[in-house]
Amino acid sequence: MYVARSISADHKDLIHDVAFDFYGRRMATCSSDHSVQVWDINDKGEWHCTASWKTHSGSVWRVTWAHPEFGQVLASCSYDRMAAIWEEVVSYMVPNNHLMIILQTKRATLVDSRTSVTDVKFSPRFLGLKLATCSADGNVRIYEAPDLTDLTTWEIQDQIMTKMSCSCLSWNPSRLNPATIAVGSDDANPSAGGKVQIYEHKVNERKWVRSNMLMSITEAVHDIAYAPNLGRSYDVLAIATKDVVIMRFDKKDPSMIGSATSTRNTPVQLDHQGAQVWQISWNITGTILAASSDDGVVRLWKANYLDKWKCIQVLKGDGSSVSTMLVQPKDPPATNKGSSLPETSVDAGFMSSSPKFSSFFSSTSAWLGSSPLSRQGRHNSVPVTPATSHVTSGFHIPLK
Amino acid sequence: MVAEQIPKMSKVLVKFTSEKLSCVRWQPPVMQGLQNSDTFVTGSWDNSVNSLLVWKLSNGDETSRKGRRDPSEASRFGDIKPPETYVEPEIILRESHVGDVTDLKFAGHQTLLVSSSCGSVQSFSVADDSKKLIPTQKWEDLHHLKMSSSPCTCMSVSGTDVATCGEDGRINVLRLDHRKPIRIIDDADSCSLNAIIHSKTHEVITVNSAGQLKVWDVRQDGNTPVRIFLVTGKKVALHCVDRHPTQPHLVAAGGEDGTLSMWDLRKEHLPVTLFDSHESHVWEVKFHPTNPNNLFTCSDDGSVLHWQTKPGLTSSRPSTPLGGFSTSGISSSQSLLHHPSAADAGSAWISSNTNMSNIDINHVLPSLTMPVNSVDIEGSNLVCGTDGEAIYLVSNVFLH
Amino acid sequence: MAAHRREVPEFSVSCPGSSEWYLSSRWGQGLKLSVFAGNGKRRYLDGHADTPVVLADHPAIHDIRWQTDMHHAATRKLAAQSHEIFTSLQKHTSDSTEGTRKPQLVKFSRRYRVAMMECIEDLRKAASDSLVDEATQEECDSMCQLFQQLELIWNLCEILFIETLPGGVVLQHLLDWVKLHFTEADSLAAKVIEASDDEIQVNEEYWSAVYIYVLQGRLPEARHLLSLHPDKQKDVHGAYGKIDELMRRMPVFGAFSRQTLAEFDLKWRNWQELCQQLLKEGVFVSYQRLENICRILAGQQDVLEQFQHLVGDWYQLMVTKLLYTNPMVKTMDLQYHAKSCMDVFRGSSRLLALDQILFAALEFDITQIIKISSATLSNWWFVAHMADLLHHAGQLESQQLDYGATMREFLLLEYASTLMAEESMWQIVIEYLDHCPVFGRHHLELFVEKIPLKSERKAYKLLKVCEERNMDDQAQSLCKVMGMKALQEERLGTALTWCLKSQDASFASFLAEKFLTEYSLKGNFSNLDLIDNLGSSMLVSDRLTFLAKYRDFHRLYEQGEFSEAASLLLSLLEANLAPKQFLLILLTDALPLLELDTIVFSSKQTSQLLMCKEALLKWYKSEEYTREILPKKSKGHIELEKEKLELLQLGLSRNLSRALLEESVRN
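Chains as they are written, first to last, in the numbering used here: chain H, 41 to 440; chain U, 37 to 436; chain E, 521 to 1187.
Some hints could be false.
What the hints assert, rightly or not - Listed below are several chain H residues computed to face chain E (Cβ distance under 10 Å; list not exhaustive):
| id | residue |
| --- | --- |
| 1 | I47 |
| 2 | H51 |
| 3 | F60 |
| 4 | H107 |
| 5 | E109 |
| 6 | Q112 |
| 7 | N323 |
| 8 | T327 |
| 9 | S333 |
| 10 | D335 |
Hints in this document: simulated from the structure, not taken from any laboratory. A virtual CB, placed ideally from N, CA and C, is assigned to each residue, including glycine.
Same shape as in the complex, but just chain H:
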C-alpha cells in the first residue's frame, strides 16, 4: 500500500466529501467554504482542478455525480437548506497546456427543505434520473427530472416524513426489487427507536411506503450504503453507527444464487472498538468496505471466501502536523440539530439566482466559476473575527 499522489485541494476549509464520477476519472470535492471543485486526470495521469465554484451559502455536505447517460451532472447539498443540480456546459482548452477549464451551470435549486439538507443521491440508472435528498427535520424527498434534456425542471415524486432527524440515505442498486431507499438518522437518543428505515416505491399506489425499520440499530447512524449488486440472493446494507453493522435482506427473487441459511439475516458487527463510524464506502464490485471512525482510522473490511468478515487493512492518519484551528462562533446555531437556521444567514440573492449562465475568468488563479457570487480565497482577505465569520455577506466580494 502506498500513496500514489497527494493533491492539494484549493479549498479554504475542510473537505466534507469526495465523489468520483461513474468511471473514477473525475472527482468532485465539497467543503465548508461553500464551494465545489471538479478534478480531472490530465494526459500525464495527474489530477488537476478544472472547475471551482461557489455552490451554496453554507457548508456543502455532500456532492454526487449522476450516471453519464444523463450527461455531466452533479448534485450538492448544504447546510443552507438547499440542494442544487449542476451541469457542465462549456469547457475551454488552455492552449499549449492541455489544461481544460470547465464551466458548470446551475440547472436547478431544490428549496423544499426547511433545514439543513444532509445527503443527496442520484438513483441507479435504470430508474431514470431521480434524486433523493434527506434533511435534518426528517423529510426525505424524491425528485424526478421529467425531461432528460432539460434539467431545470425537477418534480417532487414523493415526500416521506420519517419522523427522525435524517443524516444519510442510500438507494438499493438491485434491479430486482422495487425502488428502495434506506435512510439513517443521527438522533443521539438511543431510546428513540430504530435509526434506520427502509422505504419502497409502490408503483400502483404511486408513493413510497416504509417496508422496514431496523429496531436493532439504536445508536446514531451517520452513513449508510447498499453494496453493489453481485447477484447474491440478498441485499447487503452497511450501516455506520457505533461500529459498522452489515445487514442482509433477502431479495424477492428466488432464482438468485445462495442457499437460505438461518444465520443469514443476523447482522454482522465490524469491530471499530466501539468508535463512532462516520463514513463508509464500497468498492465497485462490492467486495471491500472502507469505514472511517472517530478513533482516527480507516479500516478496510472484506469477506473472505468463507464469507467471514475480516479487517484487511488499517489506515492511520499521521496527524502530527495539526494545523487546524476552529474559530469561535459568535453565537452557536439555535439548536445543535440544525433544525433551524438564523434567518440572516440565508442569502436571498443567491437563492433566487436564476439558472442563467454567467461566468468570469480570472487569469491569475486560472479558474472559472459560474456563480456571480463566488470568489475563492476570501479567507485570506477577510480578517478572521467573530463578526465576519458568519456565513453571509462578508464573502461576497464584488467581481472585478
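With chain H fixed as given, assemble chains U and E onto it according to the hints.
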C-alpha cells in the same frame, strides 16, 4: 518469448511489450524496392502514458541468448524452445506520447508522423541509425469538438502533404513545412471519420461510422464530397480503407461487422464485392505495396488474414500455398454486382465471378484471443500489434 | 488445519488535520482509495456547522493504491503472457480426453513457468537499471525475489500435483528441481575455471563446488571438476580413480528406464555397500576431501550435518538425504522426511511463509498452500493461476462456499480485481471474469459499465464485449453515454449513429426533433449525408421516419417530380408522424406546389389538405397550445404565421376550383 512454427515457410515471433499496441509501421528503406526494411515503429494506446517504440531486427542466434537459461534446461522446455537461428526484433528507442497513438505514417524514409487521440499530429525526423526521433513540428488541436479535443483517427501522406481526419468529422490537409493546415474542411462528415487515404494528389477518400465512403477534392471549396459510396442500407461503420497501389480506383475498406468491401470507384455506389471473413471489426486493411495481388487485414476477433488473388484466374482451386491455417469459418463472398469488365489486370479483386475460387484467404497467425489492431507488410515481413500487448513478426510470408 | 493468524497491516498517511478531523475515504476504480481529513458532520453535531475553520495549509486528498504488483512493466508482461496461457488452458481442457490431458497440463504448467522466468529476468534487469531511482530498484529486486520463490513453489507443485509420477517415485524430479533453482555450484565452478590458467586452482571454492554438485546428485559435473584436479594426474593411490568410478557407477532410477524397482533396489544396495566397503578399507584415508565425498555417497548422516552450510536449506537437505539413503521414496512419504529436515534447519525458530507453503505441498494439502500463499505473499497472480491449473488437473477439491463460488473462482476474482485499477488492462480482466461461472457475470456487468469511453474505437471494442456476452443492458447504456457525449458536443450525426446502434427509439425521436427544430430555425438541414442515407434505420422511431421522409419530399421536389412530392407531402400530413409545431411548415411547403402551372393536387387531395389546415387551426385554439406554446412566440412570428395561413387558404381554394374544373373537363 515464444516462437511458433506456423506454415511451412513463415516463422512467427512474439514479443510482449507491456502495452497495448494500436499501430505498427515499417520504416521504408532508403532505397525502396531494392532492399528490405529492418526497422519498424509501434505506438500504444489506452495507458495513462503511452509510448512510441522503435524496433530493429537483429540477426541473432542461440549464442546471443547465453546466460538466459541453462542450456541443459532448455530441453525441458522442448516444445517451446526457440529455433536455432532467427531474426529478433529489439527495442532501440522508447519515446513517451501524450494520448493514444492513433496512427503512424512515414513520409519518405526520414519523416515519421504520429497522430494522437488528443487531436494533434507530431512529426519527427528519424536519425540515420533510427536511434533518435527528433521532434520537428507539432500541429496542436487539429481535431476538436465544442467542449473537448477529439481523436485524430488517421493520416494519409502524399508527397509533402498530409491529410488527417478525426472523430470530429473534420479533414485537415497539412504541408510538412507549414505550421498551419493548408486546408481545413469543417463538418466534412456528420459522423466520425475513421480513415483517410489519398487516391490522387488532390483527392482523398474517407470512410465514416455510418458506412459511407466519400471522395473529396481538397482543392474545391465547401464541405461537400465529390461522391458518396455506401456499403449497404445498413449502417455498418467502416474503420479502415486502402487503395490498390497501382490502380487507384480500386479501394478496399474494412467494417465493424467483419466485412471487407471492395469498390471500383469508376462504377456504382455500392461495393462490387463484399467478403464476410472476419467475425468482428476489421481494424486495418493493407494492400501489399509492391505486390498488390496480396492484401492483409487484421481484426478485433484476433485474426490476421492474408488475401491473395490467384494467378491466371483458373477455375480449379489450387492447393493452399501456406498450408496449415486455411480457414474453415469463411463464408462465401457475396457478389453484389455482376461486373463484366473484369479483364483489367489486377482486377481479380472485383471480378464478377468472385466466389472464393478467385481469392485465397489464409490465416497468418494462429488464432489469438485478443484483438489485432494494426498490421503492416514490407517485403515478405509482416508485423502486427495487438491488445494482448504483443507484436507478432511473421517473416517469409509467401507472396504470389 | 491451524488457522493462519496474522496481524492487520497498518498504513500511515501523512495528512495534516487528521487527528482532529479524522480520515475519510472514498473508493476509486479498482484498489484505489482517496483519503482526506475532514468530517463536517461531526462539526455539525458539535454545533459548529458553519463556523469557518482556518487551515494553515490547503486540505489534501491522498490517492492510496495497493496490490499494484502486476502493473509494473515486467510483471505486466507476465500478466499478458499468462492471460494467453490461461485462456488457451480453458479452451484446451474442455475438448481434450482423459489420456492426453496430463501431458498437456504439464505443458501449460511449463509455459507458465517460462513466463515467470522471463519476468524474473526482466525484474533482475530492472533492479540493476541505473536509469531508475533506488526505490524502484529495490521494489524490482524484492519482486524479483518474490517471483523466484513463486517459481520454486510452482515447480514443486508441478512435480507433485500435475506430473503425478507413475509409482510415485519422485526423486529424479526433485533433483531437477533443486538443480534448476540452486545454481551456486555452477557459478563457483565457473569462477574457479575462469581464474585458472593452465592448472586449476584448488581452493575452498573449488571444493565447495564439488561438494555441492555431489550433494545435489549432479555427479557428472562433480566428476568433471574432480578430473581437473592437478593431483589426478599423479594419482599414486588410485583414490581419484576409485571415487570417479564410484560416482560413475551410481545407479539412477529413471522414469523411462526399463528396470523394475526391485532390480534398481538391488543394484543400489550393492553400490552403496561398495562405498561403505571402500570407506572401511581406508582407501581415502589420506584424502580427507575424497573421503567426505564417499561418506556422502554412502549415506552417512553425520557428514551431511557437517556440510549443512553447503546444502542450502531444509528442502535441499531433504533431497540430498533421500538421494543417498532412500532413493525410491514415494511422494506420499515426503512429508515425514521434510519434517525431520525442517527440524535440523529451523529448530524451534519460526517458519517462514515459504517453508510453510513448501511443507504444505509435500503434505499434499492444497487448501493450505493456497491459504498461506494468499495470506502472506500479497500476490494473487500465483494463487489464482495455480488454483486454476490444479482445478483442471482435478486436484482441487471443490469446496462449496456459502454463496456458491469455488475457491478457484474466488481467487480468480481477487486477481481480476487487482488488475482493475490499471485502466488499460480491462480486456484481460474481462476474460478472467468470463471464466468465473458463478459470480463472474455479475462482476463483469458492474465492471464493464465502469470502463471509461475515451474514444470511439474503445467504445466499439467495449460494445463488442457486451454484444458477445448478451449484455444488452450494458450495451444500451454504452450507446446512450456515447450519444449523450456527442449531443453535448453538438455532433448530432454522431449522436444519431450511436442511437441507431442501440435502437433507442426515444433518443432517436429526440434527435430527429433537434434536426427539425434546426430546420425550422435555419431553413436548411445539416447532416444531410447521414439523414439522406438512413435507409431502413429510419424505422427506429416515428419522428425519425418523418424526418427521412420529409427529406425525400425535398429531394423529389428538387428533382421536379412534383406529383410524387405532392402525394408524399400529403401522406406525411395525414400520417400524423410530424410534431404538431411542424404542421404549418408542412402546409407551407404545399404552397409552391399549388402555384405550379400544372395541377399536382387533385380536388380530393386539396380537400384533404384543407382538412389538415382546419386541424391545425383547431390545435391553435387548444389549451395545450395557448398555455405552453403561444406565450413563447414573438408577435412578429404570430403575424407571419397568420399571413402564411391566409396565403394557404387562398392557394388551396384556387387549386380546388382549378382541379374541379380540370377533373370535370376530363370526365
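How the hints compare with the structure:
1. I47: 5 Å, holds
2. H51: H51 of chain H check passes; min Cβ-Cβ to chain E is 5 Å, inside 10 Å.
3. F60: Interface hint status for F60 of chain H: holds (6 Å vs cutoff 10 Å).
4. H107: For H107 of chain H, the interface hint holds, since the closest Cβ of chain E sits about 8 Å away, which is under 10 Å.
5. E109: The hint holds - E109 of chain H has a Cβ within 10 Å of chain E, the shortest such distance being about 5 Å.
6. Q112: Hint holds; Q112 of chain H Cβ to chain E Cβ min 7 Å, cut 10 Å.
7. N323: 5 Å, holds
8. T327: Hint holds; T327 of chain H Cβ to chain E Cβ min 7 Å, cut 10 Å.
9. S333: With Cβ-Cβ at 7 Å, under 10 Å, it holds.
10. D335: At about 8 Å, which falls below the 10 Å cut-off, the nearest Cβ of chain E leaves the hint on D335 of chain H intact, so it holds.
Hint compliance for this structure: no hint is broken.
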